[in-house]
Structures are given as structure tokens and as C-alpha cells.
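Asker: One letter stands for each residue in the lines below.
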Amino acid sequence: MLYRTAGQFKTSYIADQALFPVKQDAFLLGIILTLAWIVFPLTASEFTFQTLLIPILIYALAAMGLNILTGFAGQLSLGTGAFMGVGAYACYKMVTLMPWMNPIVAILLSGVFSAGIGVVFGIPSLRIKGFYLAIATLAAQFFLVWLFEKWAWLYNYNASGAIQVPNLEMFGVFVSGPQAASVTEYYIVLFVVTLLTLLCINLTRGNLGRTWKATRDMDIAAELIGINLMKSKLTAFAVSSYVVGVAGALYVFMWKGAAEPNVFDIPLSFQVLFIAIIGGLGSIMGNYLGAILIVGLPVVLNVVAGTQVFEISTPSAILLVALIAAATFLFWVARSLWGVGAAIGFGAVTLIYGYAQLQGFRIDSALIEHINVMIVGALIIFFLIIEPHGLNQLWRLIREKLIIWPFPH
Amino acid sequence: MKDTEGYVTADGRQIGGTLMEMRNITLRFGGVVAIQDISFDIREGEVRAIIGPNGAGKSSMLNVISGFYTPSEGEVWYKGAKRPPMKPFEVARQGVARTFQNIALFEGMTVLDNVMTGRLTHMNAGLASQALWWGKARDEEMENREKVERVIDFLEIQNIRKTPVGRLPYGLKKRVELARALAAEPSILLLDEPMAGMNVEEKEDMSRFILDVNDEFGTTICLIEHDMGVVMDLSDRVVVMDYGKKIGDGTPDEVRNNQDVIDAYLGVPH
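Protein sequence lines correspond, in order, to chains A and B.
Sequential numbering from 1 applies to the first sequence in our numbering.
Sequential numbering from 1 applies to the second sequence in our numbering.
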């Protein structure tokens, strides 16, 4: 009912190739943008900004960069963390060498440096692919992090070896550094992320996007129909590394405030890769869904651990509803043993946890960490087996079903 | 040395001069000789078939034409000029399009996107224009979409336009592949076993499409096929290969009565 497309006729190819050919999608996007640009900044607390809103946006952007390379162009990369580092260090050098520079411009320019480095480390992709390419990007990962540590010029020879974000002003307002307000940082991140998302959507739906996808799906056929594979792969590396680099600059300047070289080590690469896989390779929206899940999960677990499930409180009620909804949903989507297993698993966990809580059992924070890792690991296995196209594909299936609802076909 | 005279086919079509000429092509893989000293020409507007028993070197020949293999010896002449060694994508950009024996579509993309990739060689908007979806990129997209829609109409695949290719049955995939090759508006279209694995009805459909393409767009077609009935009906001239050598060349009737060809297909007593 909500998604009825009948009566929405397209009379031109421009209309048919518009970003949102279905009116309801445009409406939904309108709601999301209103929430992001108006409602959240007005209502969110300091805690929400720093643990949810800002990191979700930054991780989503980094995953989007990786997704362009891995999901759209089919080139596996494990060097995302290091390329984020290149963006962060480039931005740091720019604002310290040229303090008059507009911070947003500096952030957007820092991607150019990571794009250049990305192209250099993308050259092996012309000869090797798959796991071997992943190993080659792994070399970039280790080499760059080593460089961040050893090349003192990069962190202006300070004793700690870390980069400290200075207080930067723009139109008389502090936008970064210790004195900046969270809401300002949030708006800057939101602006950059919205802008780059729009550009990425356009690139992936146009000619270049088709070139990348053709390279991914069958490179020999792609070359025989006239695609220059070298150009296709290297543009993918350049665009991807640009986006990842900007995400890295935001990561340090708008969120962390300071960074040592090991921040950009391989765990960061994996985290971004997990977001891209869970969100869905080859999609733009999936990165947001994946980031919400990966960034949100530990926060939710922490909040939940601090409350009693069978006490009537808002978080516990939300948790129960969410668990039941998730179980039903899994059952509905998979309609198989997996769905039944997941539903039973969720139910069992809820009951056992509830019983333990009644007995006075409390979870300590170290255990929460471990549970978080276990859930993320289980989710990755789940998605790789059941739905390799991730959360985004689940959303697409729901949407397809809604369009024809209440009929099955 | 371009032959401009041409000839008139049995059904009264005027065939033009030489479009592509293979001169003494030899192709070796190490010690294996896949193609040995073969010469033939393809004329403008004709349907040229390459036939031969399994392992005769037909697909290798097609790969030489499309630039996937560089011949060990010999020259390829195209549009009156000798073709220098070049990458396959450069050959494609000169107007040589092809389909594949085993379907080589981009499975993750929709039919429309797949056919649009055929237009890649005609699109050259810059990165900025594409990222902003404004100006040249948008105009190009619309122009080429219109051309692609014409091909989609022509091959009667309108109803599956937005379906991901991975979900289509075999026969339709073959047709989408033809659509992708046609969208490039090639001067010469290479078809590698366009009817392999099809039932009679699908073969009839495909034959009609091939003839229609040749008729309406005047596209020169070079095809490999195993179904003799189809080859003899469709093609104007046939090259016959066996063990990497050319054993016959001429109209279907000439080839049919060629003793070497009969021997190659039916075998000779030793």
C-alpha cells in the first residue's frame, strides 16, 4: 500500500533515470534528511553525538570509499586504514603549514593525496587479482603505518609522535580541536558526507559505474567490448582512496581529536571492510546500514547491560521488541532452517539472559566487548552464507515485496 | 589493394568491397600451431561464416580478429589499412564488436546496464561532469539511452529491461549479449556460436535476428556455428577450417560440394 507504484508514469528517459524514480523513496529520503539535518542536532546529547552520530557518518563514508573499490570495481583491498591515515596526515600537514586555509577545504583536499597514493598502490591490480591483490594492498597498509611512525616531518617532530588537532576557526566559530562544539563538528561531517554520497551515487550509476561493474563481473569480456581495464581499475582506486582519505581526515579532525599511527593499523581496515560486507558490497545505502549496525551494536549492548531486562524500563522494552522483531524478520526472510535456528537462538538468549538477570547476574564491560565481537563475527558468517549482498539486499527484498503487497507476485 | 567491386548474392543483395582481410595468419602457442597460414577476406555487408570440426581453430581465428590474440605471423588489414598490434579494447573502439561462445554478460547488472556498456566506446564525459550528473554526462546518458532503447526494441527484450541478467534463462541471455554487441553500432559483428545450446525455436528466432541485423543496419557479420543447416542458410560465403588450415572457401553450395570439406566432416578411409 505504502509503496504503490501504479500511476507513476515516466514520459522521458531523464525521468526514468532520475535518482528516485519512485515517489515514496524520495519521500523517505526527505524524512531521513530532515532527521539528520534538523531533528538530531536539536535533540541529541553530547554522548549521542560522540558515540553514535559522528562515528556512524564517518565509518559509513569510509565504507563507501572501500565499497567503490571492492563492491563496484571488484578489487579487494585491505589497506583502507592506511589510506584513511594518509588523508588524516595530509590534512594535518595542510592546516599546520597553511593555518589560513578553510578547514573544510583542507579536509576535501586531503583526499587528493590519498587518491594519489591509492593509485600508486593500485598499480599491482593491473597484473594480479583476488586474494593476491589483497596481499599487495596489505603491503600498503603496513608500509604506510610504518611511515607515519618513522617520518617525523609528518607529525611536525613533536615528542609524542601523535598528531594533535589544533583549534581551527571558520567564520569565528571553532570547527575542530578541543574547543569545538559537537554540534558544529556534526554539521561539518554531515555536510561532507552528504556531498560525497551524492557524488558517489552519480558516479556509480553513470558511465564510470558501468565500467567498474563490467570490470568486476567479467574483466575479459569488459576488455573485448572496449573498456580500458587499466583506466577502469586505476580510476576506481583513485575515487575510492579519495573518499577513504576524506573519511580519515574527518575521523581525526572531527571525531578523535588526536591520533597515533597505530590508530590506522589493520583493525581499522577490517572494521571498515566488515561494515561494507554487512551493509552490502556494491551498494551505497548499505554502507550506512552497516555503519549503524557496527557502531551502534556495542553502544546498545552497553546500555542494555546496565539495565535489567525484566524491569519495565525503556531500554529493556526496546531490547525485547528488537529481539522479537529481529527473530521474526529473520524467519520471514530466510524461511528456512537458518531462520528457525536464528529465531530459536534469539529466543533462547533472551530467556537465559532474563533468568540470569533475575538471579542477580550482571555483565561486566570486558564481557560486553567479547559479546560484541561474537555477534559481529556471527553476523558476517550469516551474511556471507545467506545474503552475500548484505543489509542493502534485505531492504531491497522488503521493498520489492511492499510494492506488490498484499499480493505475493 | 581495396577491392571495390563486390558481388551480388543469390538473394540479390549488393555486397561491397573488402572490409577486413586476413593475410597469411599463423598463430602458435609454444609448439602447438592453432592456425596455419590462413588468408581470407570479409566484405562489407556480407554474412561470413567460419566452420570446421571441433578444434579446427575457429575460435582462435575469431580471437585474432577481435584482437584478443596477436597472430605470430601474418597481417590483419582493416578498412584498407594494416592493423598495428593493439590491445583488445582498442580494436573494439575501431568498430569490432563480438559475442562469446560461453555467455560473457555482466551478471550483476541489469539488462539495460549491460546493453549500455555496449555504448561505452561512444561516451567520453569527464569525471566531474559524471559526478555532478550535469552537462555532458547527462546529455550523453540520454542520447545513448535512446540508441540502446532502439536496440532493445529491435531484439524484443523490452519487458526484461530492468531485470538483473543473472535471473534470465539461457536463450534470453544470448539475445542480451547480441544486444550489447549491437549497441556499439559496430562495422563488423563477430558471433561465436550464437546458437550453441538452443532449441529449434530459439535457433529460428536467433537466425531471424541475425538476418534482420544484417538487413536493417547493414552490419557485416562474421559467425562461427556448428549447425550446418543454419550456416548454409544464413551465410553468403563460408570459410572451412580443419586442423588449423583452410580447406575451403566460397559460397555455401561450393563448399558443400568441396571434396576436402566432405572428407573433413565425414572422414576418409585410411
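Keep in mind the hints are simulated off the structure, nothing from the lab.
Cβ coordinates follow ideal geometry from the N, Cα and C atoms, glycine included.
Some clues are possibly wrong.
To be verified - DEER-style ranges, computed between Cβ atoms:
#1 B/His122 / A/Ala18: 16 to 24 angstroms
#2 B/Gly80 / A/Ile385: 54 to 62 angstroms
#3 B/Glu143 / A/Ala26: 36 to 44 angstroms
#4 B/Pro53 / A/Ile135: 51 to 59 angstroms
#5 B/Asn159 / A/Leu195: 23 to 31 angstroms
#6 B/Glu156 / A/Lys231: 14 to 22 angstroms
#7 B/His122 / A/Phe191: 52 to 60 angstroms
#8 B/Asn159 / A/Trp146: 38 to 46 angstroms
Asker: Could you run down the list of hints and mark each one as holding or not?
Answerer: Consistency of the hints with the structure:
The hinted range of 16 to 24 angstroms is satisfied by B/His122 and A/Ala18, whose Cβ atoms lie roughly 23 angstroms apart. A hinted range of 54 to 62 angstroms holds for the C-beta pair B/Gly80 and A/Ile385, which are about 57 angstroms apart. The given range of 36 to 44 angstroms is broken by B/Glu143 and A/Ala26, whose C-beta atoms sit roughly 26 angstroms from each other. Look at B/Pro53 against A/Ile135: about 44 angstroms separates their beta carbons, and that is not inside 51 to 59 angstroms.
For the hinted restraint 23 to 31 angstroms between B/Asn159 and A/Leu195, the CB-CB distance of approximately 38 angstroms leaves it violated. At about 34 angstroms, the beta-carbon gap between B/Glu156 and A/Lys231 misses the expected band of 14 to 22 angstroms. Between B/His122 and A/Phe191 the Cβ separation comes to about 36 angstroms, which falls outside the hinted range of 52 to 60 angstroms. Between B/Asn159 and A/Trp146 the beta carbons are some 57 angstroms apart, a value that contradicts the proposed interval 38 to 46 angstroms.
Hints 3, 4, 5, 6, 7 and 8 from the list above are not met by this structure, while the remaining hints are.
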